[in-house]
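Engineer: Mind docking chains B, C and D on chain A? Use the hints.
Line by line, the protein sequences are chains A, B, C and D. Whatever position you read off the first sequence (first residue = 1), add 20 for our numbering. Whatever position you read off the second sequence (first residue = 1), add 12 for our numbering. Whatever position you read off the third sequence (first residue = 1), add 176 for our numbering. Whatever position you read off the fourth sequence (first residue = 1), add 37 for our numbering.
No lab work stands behind these hints: they were computed from the structure. Nothing false has been slipped in among the hints.
To give an idea of the chain C side of the interface with chain A (calculated C-beta under 8 Å), a few residues: (1) 185; (2) 195; (3) 234; (4) 242.
No more than 20 Å apart at the CA atoms, straight line, and that leaves these computed lysine to any residue pairs for SDA-like: (5) B:306 - D:106; (6) D:232 - C:241; (7) A:115 - C:184; (8) A:139 - C:203; (9) B:335 - B:296; (10) A:115 - C:187; (11) A:115 - C:189.
Listed next, the stretches of chain A that the computed footprint assigns to chain C, with coverage defined by at least 3 CB atoms under 8 Å from CB atoms of chain C: (12) 44 to 52; (13) 58 to 72; (14) 91 to 102; (15) 218 to 226.
For every residue, glycine included, the Cβ atom is placed at its ideal position computed from N, Cα and C.
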Amino acid sequence: MPLEDGTRPVVPRAFHFGDESSREDAAHLGMWIFIATEVLLFAVLFTAYALYRLTYPDLFQRAPAHMDVFLGTLNTFVLVTSSIVVALAVDSVRKGRDFAGAALLALAVLLGIAFLSIKAAEYAKHVRDGALPGAWYAYEAFAVPGANLYFTLYWVMTGVHAVHVLVGVSVLVTLMLRTLTGEFGARFHTPVALGGMYWHLVDVIWLFLWPLLYLT
Amino acid sequence: MSELLRRILFLPDAASSLAPRVDRLHFFIIVTTFIVGAGIGLTGLIFLVRYRRGRAEALAPVMTAPAWLEAAFAGVPLAFFLLWGALGFQDYIWARTPPREALDVYVTGKQWMWKFAYPGGPGMVGVLHVPTGTPVRLLLTSRDVIHSFYVPAFRVKMDALPGRYTEIWFEAVRPGRYRVLCAEYCGLDHSRMRAEVVALEPGAFETWRARQRSEPTWASGEGEEESLLGPLAAEGRVVAAKQGCLQCHTLDGTPHIGPTWLGLYGREEPLASGGSVRADVAYLTESMMDPLAKVVAGYAPVMPSFHGRLSAAEVGALIEFIKSLQPERPEPPPVQEPDYGPLPR
Amino acid sequence: MRGGARHGGVQVLVVGGVLLGLAALSFGLSRLHLGAWAVPVALGIALVKAALIAGFYMHLTERPGGPRLVVGTAGVFVVILVGLVLAEASARIWPTLPPGPFPVTRLPGKDVEGPPRVAPPWRQPP
Amino acid sequence: MAPSHAEGAPRGPSYLNAEQGLWSWLTTHDHKRIGVMFLAVLLLMFLLGGVFAMALRVELLTPGDTVMGRLAYNRAFTVHGVVMVWLFLIPSIPTSFGNFLLPLMLGARDVAFPRLNLASFYLYVLGATMTLWGVFQGGVDTGWTFYTPYSTATGRDLLPVLVGVFVVGFSTILTGINFITTVHTMRAPGITWMKVPLFVWALYGTSIIQVLATPVLGMVLALVALERVVGAGLFDPGRGGDPLLYQHLFWFYSHPAVYIMILPGMGVISETVCAFSRKQPFSYRVIVWSTVGISFVGFLTWGHHMFVSGQSTFGAGAFSLLSMLVAIFTAMKIFTWLGTLYRGSLWVTTPFTYVLGFIFLLFFGGMSGVAVAVTSADLHWHDTYFVVAHFHFIMVGASLMAFLAALHYWFPKMSGRRYPEGMGIGTAVLIIFGFIATFLPQFLLGNMGMPRRYADYPDAFQPLHVASTAGASLLGFGFLFVAIYLGWSLRHGRAAGRNPWGSEGYEWRSDSPPPEFNFHAPPVFPRPPHDYGRPSAEGEVDHAA
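Isolated chain A, as found in the complex (with noise of 0.2 Å):
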């Protein structure tokens, strides 16, 4: 911090850490922080799982009949794979590939669509079935206490997932136009650390969600 004793300094006010490299460091762990309040606010929906899994045991298990599993398995394939190649463009833009980074960025980009494109048919099924939240339940097939509060808590879980996918998608397009613009490089990459960061944590979510909603 070199100032001129007394004057008003005159360094931009975003550079008040000492160097690039403490100020990522800084960038990174308020980005953990971040990420922990995330895991927190889903643990309350994978709370209220549990204690209706504990108070309807049978229910939970036979639940998976009722899901299309294929398009589940599918999506999880696909987060998984758009989880890679969002790795692969921060790894290329930390080598100072920018315009590789973009383009595995766009791939990225495309693969969240298919996730939410996927997503939606799978909910399109659910509301032709009447396997609708709340109040709105009425699904003749699986017409037992405490269905509705399984769909509820499918609905409530993966959508509250899928806005993190919206935002997702939104962040590495804002990435990927920047990177374009060859505002990132091996020197500074920061925002597209922390955008992929992002964006796996809404991967880790699905990896979390997709097993007991679908599998067990």
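Structural biologist: Quick look at chains B, C and D alone, frame taken from chain A:
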């Protein structure tokens, strides 16, 4: 000693077998708190007088707590807290484990009243009769939101949850009337959701119960009146259900958000604006169309107007239904504000 | 930057391969119907995957100190929340929930008298 | 460094006049200005909540309707609770004094993310506006706890309030992220973890709670909103849901939130008790570890709000035990503060008067907290005025006293001016006694069995209610006096000089008010933050009246 403490602390009479247990621990905690609190206050005061800085700045000695003192800061309070926790938990388990031979009473909370029912009848609103010296198990549930059954004199409290049963038990030790309050916020009339427990000698209780069984002054029997209704009145009942009248008006004699319909027709009702009105066809019709014009005393002016929402035929049916709701016996004694004067001994 | 070079594209691809493999494994195991073990096994696999992603894709291996502390703390609190709620609920005296049937097909507008309630206790002693 | 007192006059512009105009305030990234803006809005909220508190006390003067009906009363206590808890106490000390002082105490030029800091302020204003609008427009009558199924069944419009509180929560999270990152990455050279000022430790512990607990609240409120909009049924027994789940999730946030309210206050006291007894903390490490301990163990105790709610007996026992553990940390702090006073050189000032009041009232508040955490005793006390008195002892008797101590202690730092000291001490005594007169009767009311949230009560309770209302009016006058003389001092107070208290705190090494980037030169802190063992390095104690 404990009687003196009880009076100093404004605690109500200890009228159940649980109460002395709770109070004992209460006194233990309070006395300890006040001794230590006085110690802290005095220490602070002495320090303030003794070490008060004059105008000149004095240099205070450097000192840090030795490790044993730090351990004491944590250890001594912890010992007390854990002791209290353990003693309290013992009593808590006792209070939540009803004896097998306990007399069952079903308690239903509802905005804003308490219903009590014995398995073989009778059912009562607002007054719970129990024998003294006998454990009574309460099975609580609620019909709308969460309520909490609270008898200060018994030191007993348990929430009544909709859709599930909770249980608690108590044993009244001497006859008397004890107030029941609702301790969980439940809406507009939360503060008026009161009832009372009447503890009777076992003999007197059996006599009371036998008499109640043979000629109930008032027993709850929803659904029984249906068969007695004429066709128009039956239609009125459907209208009442469809329009949501029954969310505020009861059919069983208990005041709710609005006055009960039981025995309403022909009754002289005091008005909030002063004076009174006879509840005849004209008044009932007016109350449906312009409810705020004449509000019965003691009720909030919250009823919406049904002008345009009820056809003439529906109004007629409703009035016919209200007419049909006459108590077959004299009205049940109104839930009186219990007399909380000194208890008869 | 610290360790940037160590994380080549090859490593990303290897980890990705493992992730896809684990996902396939999780799916395969679910077809075997493991009964009581199904949930723990599935969650275990998910945890491994999450650890891989956090460690390699989210650069946790490069960042000791703060970030690891944060992740660890968050994990602990998730366990506390879920664990204590489950511990409390499983120790309740059952059935505190009155037996059904719950009207699961209730649609808005059908409930004329407010939320459905169980039969009055004097009609249906447990 | 080390200018003498004569040279204590600020060199160059301070943060207050480095830039001029309203716009420069509204778009500032300066943590000090953001702190001051937060302080202004918070005081406004306190005023609003206080007015409603007085209205409640007046209504309770007599049984039956005194000045308002039951419905109005239910709405009024909701406004009081919502404003005081969500909009005043939870953000109070961290966002105002924390924002102002954290970088100063670490020798940093700003917090780690200045733009995020400003965003946090605007989110708070937005959320507060929505909440207030929602409360008044919807006539919300659920209390600040929004218990289901009442909150899902009530006919009032709850959605704006839920969204508003959610947004305020988000603002809290941003502040928390900012503080944790700042403490981790921006300590000046020489400030190792065990040389971090105690107030910063308190803010750090608070931020951990904010960051980990607030998202839970956000999601729960979202679920309540969902319950109202689509009838989700997760908390509705009619659809197989469990109303206790709401209470679990809500208190998982709201119990630690109590520590969000009190921990910064404890930090303030740890600072001031050293400054005014001119002595090192009796045990620095005890205070530090008890702070960390509270923020951790505070998460394990939420079930003690549910002893009579149908929770399992086992659950009640476990939560009771864990609650006993968290009380220890407070006890340790109280003893350590007392030990710090021992053989000190006590300077009786306004902040110090509040410190003494704080220690005394926190003791009784804490002990009554232990008492209600005893399972069997809670059968009697749960949801009565005993609990009301208990948490007011903590939130008003402790948190608010600490807020006032901080306001007086750092008033010269923030404004560069002094306030009339004698007036301050007198008012502090008035406030402390007014407080005791208000809330001591409420303990007794609780013993008598008066449940909380009662608009109307049996006649037997009246004498104690009258006493409480009388005390509340004393309290009200006290706050009025504070507002008057501090407002007067803002314009007409004497210039404070750099370090009017002769404090060793790092923040006093800068000018009062500090320059825009806190220090004229990169600061060096060779001594620990509370090192009063040696004659002051600057020796410029301004002993005036």
